[in-house]
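Please build the complete structure, drawing on both the sequences and the hints.
Taken in order, these protein sequences are the chains called D and U.
Yeah, the first sequence ends on 281 if you go by the numbering used here, and it's all consecutive.
Yeah, the second sequence ends on 281 if you go by the numbering used here, and it's all consecutive.
Calculated from the structure, these hints are not laboratory results.
A portion of the hints provided could be inaccurate.
Any copy, or any two copies together, can satisfy a pair, since identical chains are not distinguished.
Computed cross-link-like contacts, DSSO-like style, restricted to lysine-lysine with a CA-CA straight-line distance of at most 27 Å [claimed, not checked]: (1) Lys101 with Lys255; (2) Lys101 with Lys236; (3) Lys246 with Lys101; (4) Lys246 with Lys106; (5) Lys5 with Lys246; (6) Lys70 with Lys101.
2 protein chains.
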Amino acid sequence: MQIFKEIGPLKQFLRQVRIQKQTIGFVPTMGAIHEGHLNLIRAAKAENQLVIASIYVNPTQFNNPSDLEKYPRTIEKDIEQFTSVGCDVLFHPTNQEMYPKPSLLKFDFGGIDKILEGAFRPGHFSGVGLVVSKLFNIVAPDRAYFGQKDFQQFKVISQLVEELEFDLQLICVSTTREADGLAMSSRNLRLNTDDRNKALILFQSLNYAKEELLKKTDFKKIRKEVQQRCAAIDVKLEYFELADRKNLSVLDSVKEADQAVLLMAAYVGEVRLIDNMFIED
Amino acid sequence: MQIFKEIGPLKQFLRQVRIQKQTIGFVPTMGAIHEGHLNLIRAAKAENQLVIASIYVNPTQFNNPSDLEKYPRTIEKDIEQFTSVGCDVLFHPTNQEMYPKPSLLKFDFGGIDKILEGAFRPGHFSGVGLVVSKLFNIVAPDRAYFGQKDFQQFKVISQLVEELEFDLQLICVSTTREADGLAMSSRNLRLNTDDRNKALILFQSLNYAKEELLKKTDFKKIRKEVQQRCAAIDVKLEYFELADRKNLSVLDSVKEADQAVLLMAAYVGEVRLIDNMFIED
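This is the structure we're talking about:
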């Protein structure tokens with residue numbers, strides 16, 4: 001795996017790749033690589049001739065300085081893992097390379113960035129939009145791969161690509177889960193044993209709610225039950241919502257199961273986790 | 001000159017151009033082509049193997065619906081003029097092509113978009129950022145050419161290119177003027193004979209102020225004189241400012257002449273005109 005830390009040499013390398021008419025698949029990450037990331041690389045390898053991953057913990061998308069500081073950084077192990085699945089190129093820039101001047105530009109996505117994650121993490125999606133735009137313009141991939149675990153992020157990036165006419169295809173890869181169902185996340189590394197057990201409440205709540213919704217149980221009743229189950233084990237639920245999969249507008253009930261998604265965020269100990277699940281028969 | 005109205009076929013054409021390793025120079029315009037635009041084409045032709053212009057009156061950058069409605073549209077004549085200077089390609093999309101869905105995304109440039117033009121045209125630079133991002137992603141030029149007449153626009157687009165890492169070079173081409181000094185502008189077409197004479201006050205004011213500044217006259221005194229001269233002929237001055245050429249922050253006096261610029265906007269009759277001038281010895 002070739003590693004680039006600077007934009008200039010990377011661009012020069014990728015120009016040669018394009019001249020040889022190779023397609024480029026791109027997997028942007030913040031490192032602390034787990035099986036979910038590796039599945040993104042595998043998906044990219046299946047569809048492209050060259051696969052490039054990036055590892056960059058982007059400060060502008062962290063509304064909480066402590067979350068930024070404590071975000072796991074495991075670069076040596078990350079490189080090993082990417083190499084093991086045949087990732088061709090890694091872009092691993094410094095803050096100085098990505099933000100040589102303080103950033104002033106902000107994105108307002110006009111709605112989808114204010115709800116759910118956006119309501120609890122002001123400015124988060126603006127920072128995501130900024131770094132993703134930078135990375136897309138640096139890498140200029142044919143296809144870019146994101147995990148369904150961050151479904152709202154995927155929707156925001158879809159709007160970004162559509163509205164700014166980025167010339168690439170976005171692919172949403174389904175969430176990779178631990179054996180017991182916990183959605184893989186870099187933040188799981190920060191859970192102690194007790195909290196790791198409690199964290200399963202997210203997957204269990206989503207499963208429970210999905211089953212009940214398909215039995216036509218009222219969503220408000222379902223949410224109340226989920227709130228109580230979380231409270232009982234001292235997990236601080238931030239939101240538990242049913243939404244339209246197209247635009248994430250909040251729903252009261254499921255009209256067509258293939259258009260709905262359940263989304264949630266909760267603090268397990270000091271670690272904020274998110275998960276979501278599509279409703280389908 | 002080849003004319004494209006749709007994004008898909010244009011992109012396909014430009015891919016072939018790139019495979020042949022031809023450099024692409026891009027001149028985005030809103031039409032009503034005058035000698036200023038033609039000088040942008042000439043500058044692009046001198047540095048690139050293929051030159052593409054666009055004509056698109058972008059609704060999202062008009063804060064005033066009447067200004068949008070009355071913006072001159074002279075497409076037949078525009079095509080003739082572009083052809084006469086050897087422009088290779090014209091992109092002339094419809095609103096449906098550029099905005100298939102209503103636009104939700106907004107840009108906040110964090111300061112430079114709120115002053116001068118931005119103070120009088122709320123939302124203007126967000127719309128500029130949006131359409132320029134779209135066009136840059138569609139055309140993917142090596143170089144893009146803008147006129148100094150819209151100097152604040154050039155600075156905003158410079159920030160956009162820098163912060164989003166667009167892979168292109170921006171070129172600012174000096175303002176083309178009529179024989180008497182009036183900055184060429186598509187909006188000049190809307191001036192009646194009387195207002196056309198009055199419009200010269202912009203160039204005259206900038207010249208007067210520059211001379212006085214180089215003589216170390218106090219800027220506030222200069223501005224007062226300019227305000228009076230405009231009022232005397234019923235020209236409604238919106239702003240007349242001295243600013244730092246780097247970031248357009250407003251100045252009280254000229255410290256280094258090569259870093260300062262005078263900028264102004266005024267209504268001549270119903271037509272809003274802008275102009276600017278660099279201060280140099």
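Here is how each hint holds up against the structure:
1. For the identical chains of this complex, Lys101 and Lys255 are inter-copy neighbours only, at 24 Å across copies versus 48 Å inside a copy, given an alpha-carbon limit of 27 Å.
2. Proximity of Lys101 to Lys236 under the C-alpha cut-off of 27 Å is found in neither arrangement, the shortest distances being 37 Å within a copy and 38 Å between copies.
3. In this assembly of identical chains, Lys246 and Lys101 lie within 27 Å of each other by CA distance solely across copies; the values are 14 Å between and 36 Å within a copy.
4. Taking the shortest Cα distances, Lys246 and Lys106 sit within 27 Å of each other both inside one copy (24 Å) and across copies (20 Å).
5. Proximity of Lys5 to Lys246 under the C-alpha cut-off of 27 Å is found in neither arrangement, the shortest distances being 36 Å within a copy and 29 Å between copies.
6. Within a single copy, Lys70 and Lys101 get their C-alpha atoms as close as 24 Å, which meets the 27 Å cut-off; across copies the closest is 40 Å, which misses it.
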